[in-house]
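There are 2 protein chains.
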Amino acid sequence: MNVYAEKLVPIIKDQMVAVEESLFEKVESQVKIVDDIGIHLIKAGGKRLRPALYLLCSYDANLPLKENASLAASLELIHMATLVHDDVIDEASTRRGQPTANTLWGNKISVLAGDYLLAMAFSSIADFIKPREIQVMANTIALVCEGEILQNINAFNADITMEDYKRKTFQKTANFIASSCELGAIRANFTEEQISQIQTYGNCLGMAFQITDDILDITGNAKQIGKPAGNDLKQGIITLPVIYALKNSPHQEELRKLVSSTEITDDEVAKALEITRECGAVEYSYDIVRDYLQNAKNILPKELSLEVKNSLINVIDFVESRDY
Amino acid sequence: MNVYAEKLVPIIKDQMVAVEESLFEKVESQVKIVDDIGIHLIKAGGKRLRPALYLLCSYDANLPLKENASLAASLELIHMATLVHDDVIDEASTRRGQPTANTLWGNKISVLAGDYLLAMAFSSIADFIKPREIQVMANTIALVCEGEILQNINAFNADITMEDYKRKTFQKTANFIASSCELGAIRANFTEEQISQIQTYGNCLGMAFQITDDILDITGNAKQIGKPAGNDLKQGIITLPVIYALKNSPHQEELRKLVSSTEITDDEVAKALEITRECGAVEYSYDIVRDYLQNAKNILPKELSLEVKNSLINVIDFVESRDY
Chain A
1 MNVYAEKLVP IIKDQMVAVE ESLFEKVESQ VKIVDDIGIH LIKAGGKRLR
51 PALYLLCSYD ANLPLKENAS LAASLELIHM ATLVHDDVID EASTRRGQPT
101 ANTLWGNKIS VLAGDYLLAM AFSSIADFIK PREIQVMANT IALVCEGEIL
151 QNINAFNADI TMEDYKRKTF QKTANFIASS CELGAIRANF TEEQISQIQT
201 YGNCLGMAFQ ITDDILDITG NAKQIGKPAG NDLKQGIITL PVIYALKNSP
251 HQEELRKLVS STEITDDEVA KALEITRECG AVEYSYDIVR DYLQNAKNIL
301 PKELSLEVKN SLINVIDFVE SRDY
Chain B
1 MNVYAEKLVP IIKDQMVAVE ESLFEKVESQ VKIVDDIGIH LIKAGGKRLR
51 PALYLLCSYD ANLPLKENAS LAASLELIHM ATLVHDDVID EASTRRGQPT
101 ANTLWGNKIS VLAGDYLLAM AFSSIADFIK PREIQVMANT IALVCEGEIL
151 QNINAFNADI TMEDYKRKTF QKTANFIASS CELGAIRANF TEEQISQIQT
201 YGNCLGMAFQ ITDDILDITG NAKQIGKPAG NDLKQGIITL PVIYALKNSP
251 HQEELRKLVS STEITDDEVA KALEITRECG AVEYSYDIVR DYLQNAKNIL
301 PKELSLEVKN SLINVIDFVE SRDY
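The listed protein sequences derive, respectively, from chains A and B. For the first sequence, our numbering gives the first residue as 1, with consecutive numbering after it. For the second sequence, our numbering gives the first residue as 1, with consecutive numbering after it.
Keep in mind that the hints were calculated from the coordinates and are not lab data. Glycine included, C-beta positions come from ideal geometry on N, C-alpha and C. One or more of the hints may lead you astray.
Said to hold, decoys possible - Derived, one-sided and incomplete: chain B residues facing chain A with beta-carbon distance under 7 Å:
{"hint": "1", "residue": "V31"}
{"hint": "2", "residue": "H85"}
{"hint": "3", "residue": "K108"}
{"hint": "4", "residue": "D115"}
{"hint": "5", "residue": "Y116"}
{"hint": "6", "residue": "F122"}
{"hint": "7", "residue": "S123"}
{"hint": "8", "residue": "D127"}
{"hint": "9", "residue": "P131"}
{"hint": "10", "residue": "I134"}
{"hint": "11", "residue": "E146"}
{"hint": "12", "residue": "I149"}
{"hint": "13", "residue": "N152"}
Stated by the list, open to error - Partial list, derived from the structure: chain A residues whose beta carbon lies under 10 Å from chain B:
{"hint": "14", "residue": "H85"}
{"hint": "15", "residue": "N107"}
{"hint": "16", "residue": "A113"}
{"hint": "17", "residue": "I134"}
{"hint": "18", "residue": "Q135"}
{"hint": "19", "residue": "A138"}
{"hint": "20", "residue": "A142"}
{"hint": "21", "residue": "V144"}
{"hint": "22", "residue": "C145"}
{"hint": "23", "residue": "E146"}
{"hint": "24", "residue": "I149"}
Pulled out of the complex, with its shape left as it was, chain A reads as follows (with noise of 0.2 Å):
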């Protein structure tokens, strides 16, 4: 579900319309597979929360439509390259409800094809994007990769703690959407302390973003989550609820073993979800969740328009609510 399409930010409803646009340009190739893949992959949807988030940081100078619809495009587009190359290196036949790239073409040209989305969300800004955001976008590429390495090495480590869980989960998820939001901050010629803020409110929004989707993996009771339950235990991802019933349950010994496991079936996923669950891991794990919530709201700079304002307080209710 897109976040626009959810009337959360009504103001950028035709910037996020160009944003589709652009996505379509964007992904035009001469080789017909990878124009397929392209559309795929943006047909496939997705809550275009980073093009959003950037919109809506950049909204108060009014900057031209096309080029920062174009901007706002590019970050999607790098966002799908990051998802098509989890996917392949996840084995996921499923995203979205959809088949993944890798499904449907194969690990070689999905590997290929998400080295395309990265290549084209640079080139097609090229003639405008300035040297400073050029470095933010290229910096956010290789921390989400750092991140997703620190995640692959910590596989079923039961011994993860909570200061690597947020250094990854800041790697990997926090930063971008907080780049999103500099972004537009920056194009938006905002103070750098005004900017350092609204990075500030995209890192404490992406942190509780991803709390919520491990939340998500625990509790199944994901709407529209496209994956079953446990999916993260089953790869080995030991998140924030299960790092904090490792420490807190009575049956922390049994949990340790059924996390470390690498062959661990589906019945040992549903005992140590049961087990994370029991121990009051999801009530802790919403409370941070809360506490990130509540920095983002209180970060946001005064100098934004009421309207940009209340539309970022928005996507933290959303993020707040959400179950999917």
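Chain A is already provided as a structure; the job is to place chain B on it using the hints.
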């Protein structure tokens, strides 16, 4: 073997040392394994053809060493990234006699490490790169991906035409070499006509370079090619000499059956190589190589300094006589 170490291009000796230093700086990461992969890739070596060509084509402008070496190193970084992804895709266990990243660290981390290198290639030059230059670099990556995808689609397809082959080879290899030259010429402030000539030099050189590679895979004369002869056929890659043989060999029907088989055995590969060699395909291919190299020599702009011109001709001679 490094191009400059071959004493072909002594005029850029200092710059090539700076390129190596810059490479090590660029791959630095706080995540140890990312660092390790980067260092492994740099130490595994390579011809450093792209940075050398960039430096030669920009030489006459006497640009600041640090920036120039950094841009050159970013070209090599992009090349490395594509090789890392290639090796994952081809399930290659060695390259240049060294174990590949996927052998040492697995496919997952290698895909991410490739993305990381792509990101660092841009992030590290963000503060001085110009719009047109980003465009050239990003487009180069996009074309490499499209070329690889074309190659993949046409695997084991005995109906592949000379035109298909040339398009794929341009996109996958020649354009990158042409772009390295073009970037040098752009930064050296050559006229548009000269830039175009220098780019054509690179394109012809690149085509010749790839066809030589293809020939070496047929003749098996490769001293240091780091892979067994017939490797292309095993992967279903039908190269220029084989396309010639499929049209001109008296055993074309047998060859067609052999190269179309997705489960071609070592004996069958040997037979296909024999058929290809016997019909004059290697001689034909070398003629094409010589044509390209002659064109490369002829198109070099008169305005280049003698020392640059001589160096660029040395690179032509290197491609003409290379057996690795």
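Checked hints:
1. The interface hint given for V31(B) is met, as the beta carbon of that residue sits about 5 Å from the closest beta carbon of chain A, less than 7 Å.
2. Taking 7 Å as the C-beta cut-off, the interface hint given for H85(B) holds, the closest approach to chain A being about 5 Å.
3. Restraint check, K108(B) versus chain A: the minimum CB separation of about 4 Å is within 7 Å; hint holds.
4. With a cut of 7 Å, the hint placing D115(B) at the interface with chain A holds, because the nearest CB-to-CB distance is about 5 Å.
5. Restraint check, Y116(B) versus chain A: the minimum CB separation of about 4 Å is within 7 Å; hint holds.
6. Below 7 Å, beta-carbon pairs count as interface contacts, and F122(B) has one with chain A at about 4 Å; its hint therefore holds.
7. For S123(B), the suggested interface contact is upheld, since its CB lies about 3 Å from the closest CB of chain A, less than 7 Å.
8. Taking 7 Å as the C-beta cut-off, the interface hint given for D127(B) holds, the closest approach to chain A being about 5 Å.
9. Here the hint on P131(B) is kept, as its CB sits about 5 Å from the closest CB of chain A, short of 7 Å.
10. For I134(B), the interface hint holds, since its Cβ comes within 7 Å of a Cβ in chain A; the closest pair sits about 4 Å apart.
11. With its C-beta approaching chain A no nearer than about 5 Å, E146(B) sits inside the 7 Å limit, and its interface hint holds.
12. Checking I149(B) against chain A by beta carbon gives a least distance of about 5 Å; that is within 7 Å, so the hint holds.
13. With 7 Å as the threshold, the beta carbon of N152(B) comes within range of chain A, its nearest partner Cβ sitting at about 6 Å, so the hint holds.
14. Because the beta carbon of H85(A) sits about 5 Å from the nearest beta carbon in chain B, less than 10 Å, this interface hint is met.
15. Of the supplied interface hints, the one on N107(A) holds, with its beta-carbon coming within about 7 Å of a beta-carbon of chain B, less than 10 Å.
16. At its closest, the beta carbon of A113(A) sits 7 Å from a beta carbon of chain B; the interface hint therefore holds under the 10 Å criterion.
17. Among the interface hints, the one on I134(A) holds; its C-beta lies about 4 Å from the nearest C-beta in chain B, closer than the 10 Å criterion.
18. Contact between Q135(A) and chain B, as hinted, is supported at the beta carbon level, the nearest pair being about 4 Å apart and thus within 10 Å.
19. Look at A138(A): its Cβ gets to within about 3 Å of chain B, closer than 10 Å, so that hint holds up.
20. Taken as an interface hint, A142(A) checks out: its beta carbon lies about 4 Å from the nearest beta carbon of chain B, inside 10 Å.
21. Of the supplied interface hints, the one on V144(A) holds, with its beta-carbon coming within about 8 Å of a beta-carbon of chain B, less than 10 Å.
22. A distance limit of 10 Å between C-beta atoms decides the matter here; for C145(A) the minimum to chain B is near 4 Å, and the interface restraint holds.
23. Below 10 Å, beta-carbon pairs count as interface contacts, and E146(A) has one with chain B at about 5 Å; its hint therefore holds.
24. Restraint check, I149(A) versus chain B: the minimum CB separation of about 5 Å is within 10 Å; hint holds.
Going through the hint list in order, the structure satisfies each hint without exception.
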